[in-house]
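The residues making up each chain are set out below.
Number of protein chains: 2
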Amino acid sequence: MGLDIQSEIDVVKVASSKINQVDFENLAFGNVFTDHMLMCDFKDGKWERPTIKPYEPFLLDPSAKVFHYGQAIFEGMKAYKDDNDDIWLFRPDENLDRFNKSATRMAMPEVPEHIFIDGLKEILKIEKEWVKKGLGNTLYIRPFMIAIGTGVIAQPSTQYRFMIILSPAKSYYSGEVKVIIAEHYSRAANGGIGAAKAAGNYSAQFYPTKLANDQGFQQIIWTDDATHTTLEEAGTMNVFFRINDTLYTAPTSERILDGVTRKSLIDLAKREGINVAVQPVLVSEIVEAAKNGSLKEIFGAGTAAVVNPIVGFSYQDVYYELPKTENSIALELKEKLTNIQHKLAEDTFGWTVKV
Amino acid sequence: MGLDIQSEIDVVKVASSKINQVDFENLAFGNVFTDHMLMCDFKDGKWERPTIKPYEPFLLDPSAKVFHYGQAIFEGMKAYKDDNDDIWLFRPDENLDRFNKSATRMAMPEVPEHIFIDGLKEILKIEKEWVKKGLGNTLYIRPFMIAIGTGVIAQPSTQYRFMIILSPAKSYYSGEVKVIIAEHYSRAANGGIGAAKAAGNYSAQFYPTKLANDQGFQQIIWTDDATHTTLEEAGTMNVFFRINDTLYTAPTSERILDGVTRKSLIDLAKREGINVAVQPVLVSEIVEAAKNGSLKEIFGAGTAAVVNPIVGFSYQDVYYELPKTENSIALELKEKLTNIQHKLAEDTFGWTVKV
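Residue numbers (numbering that gives the first Met the number 0), protein chains in the order written: chain A, 0 to 354; chain B, 0 to 354.
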């Protein structure tokens, strides 16, 4: 979709880039931002002209709705640079689609493609030096929208701000990840906002995760809130279980995020001839499979980490260590997916989009 | 508790008050703010010195955690002025206690009493002209805390901002309130954050409430998310049902907010010799009571509205209109409670606290 008059973007560039102050070999995830940001406000029922301008703090009224009622959604995406210095996105249409589904669920306006996608491409062209070549180097993309209208009454805002900020990244997680299966705390309600990438879903996890950390576990595998018998997500990721040579993952629902990495891994696994069963996964099945040795792998899937292998889990105070696997499906799929993302392997799915 | 060195408050006053520009007879709830605000930041593991300064927008980084992960909590309170021009608070210790419970659940630091309570009293003394005499006139108080630390990684912030802003108010709701009993959407999960006054709980209600509005209902009565068979809250309020001459309300839980107005109404009703049954309330019981005529009243209870009578409810596409009641317990309790709050009746409970 081309830029029309309505979607033209004002650009104000920094006087001098801070890129030379950044140590690209030692990046903590999500802490360093590029020189510019995209900002676009929604007022009087319509989106204003987007602006790309120097990354900087902005003013908000103390009664801004985002502070009081949590109207805030986001997406996580990445940009990749190939050996020809071309920059690529991975399934950006999926992120736009999910962003707008989140917007609807949070009573926020949809962001049109010419702002979200064309705006993203425009800022990526300006920040192209921040996208580094090489497997593992990415530019993490954070589109988000917040309610900036004022007033301490619990009603949707009439004013919103859509922004895109960019953060150069290595990989998200490191070290061994042990998880605990949730027996009390929950991530989402039936009829709630679990399927939306809403800010409030994440802070709700911090306290239970801290309790898990205190017990020596890095993440929680979330279960359904009513019975705690079915497995739903791992931390902020979708989760896969390998029993013998079949991958199991829960179907998406109003409690489970429709992850782009999740759906890509399913398609990729199927192409590779791996059995994939998208069905409710019971805690009891996984415990039984761990006991009888048929549980080979568990891994999280998400944009930031891509694939995050889990080495063991705790349930009802019993720790189940997974066997060391010679032929890890998790690592195989991760390699194949990141090769597609970085344009090191043929993209037979048509997932990659050139900026 | 007196102010010690640590809790001293810096005060910067406005050059001239905007109070004369405010039409106190025609106030929309939560839209007008007083001249000053209290601000206090948490950094390096401790609370800094609070400041009372002119109400104004403040700067936040685009990657502030409140925008991305929704770490944000608040309280709702009111100040009242009696005929001697003294200013009173209503059970402020309960709000502080709940605020800090919310903080814990959202992995945020507790705010100490010398900042929350003493800071509130201090700003109220400065803004005393904004508290108007007369039943129905109040100064709505909004203490809140947001995560201001930066970084797009889903982990708790290390920096927070506690604020108090003040808004002169008449009553919150007006007109007839018809409600719809939730059959699909939900407010809270088991093991979730429903008992916390967390920002994300409110935006999660906006979309379902909009759908209810479109059908001609002002609010939703929320049910348990697993079975939708028990009644939990009404909109952003606790809810009471009067069957014959007994008041029923659900016990608080991790899904239901421990409302200060709710617990005060329970105590007040008991003092007045009214039967109060704090027990799970089934949808089926209320529908049956509506059918056989024993359901006399339904009302919401919360700080903003105090008591909000409901004229009828819809369930499974059937609308049940409540009878006109000559002797409304809702209105009787509202009058008695607001009289205590405004110091027009003796406070036998010791609930009111002089500023």
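Treat the hints with care, since some could be wrong.
One copy or any two copies: either way a pair holds, since identical chains are not told apart in the list.
[Claimed, not checked] Derived lysine to aspartate or glutamate pairs resembling DMTMM-like cross-links, with alpha carbons at most 20 Å apart:
| no. | residue 1 | residue 2 |
| --- | --- | --- |
| 1 | K42 | E284 |
| 2 | K209 | E109 |
| 3 | K12 | D60 |
| 4 | K100 | E325 |
No lab work stands behind these hints: they were computed from the structure.
* At 20 Å max between alpha carbons, let me know whether K42 reaches E284 within a copy, between copies, both or neither. => neither (51 Å within a copy, 45 Å between copies)
* State whether the alpha carbon distance between K209 and E109 is at most 20 Å within one copy, between copies, both, or neither. => between (34 Å within a copy, 16 Å between copies)
* Asked: Which holds for K12 with D60 at a C-alpha limit of 20 Å: within a copy, between copies, both or neither?
  -> Between copies, since 18 Å is at most 20 Å while 26 Å is not.
* Intra- versus inter-subunit Cα pairing at 20 Å for K100 with E325 -> Neither: 40 Å inside a copy, 47 Å across copies.
Comparing the model with each numbered hint stated earlier shows that hints 1, 4 do not hold.
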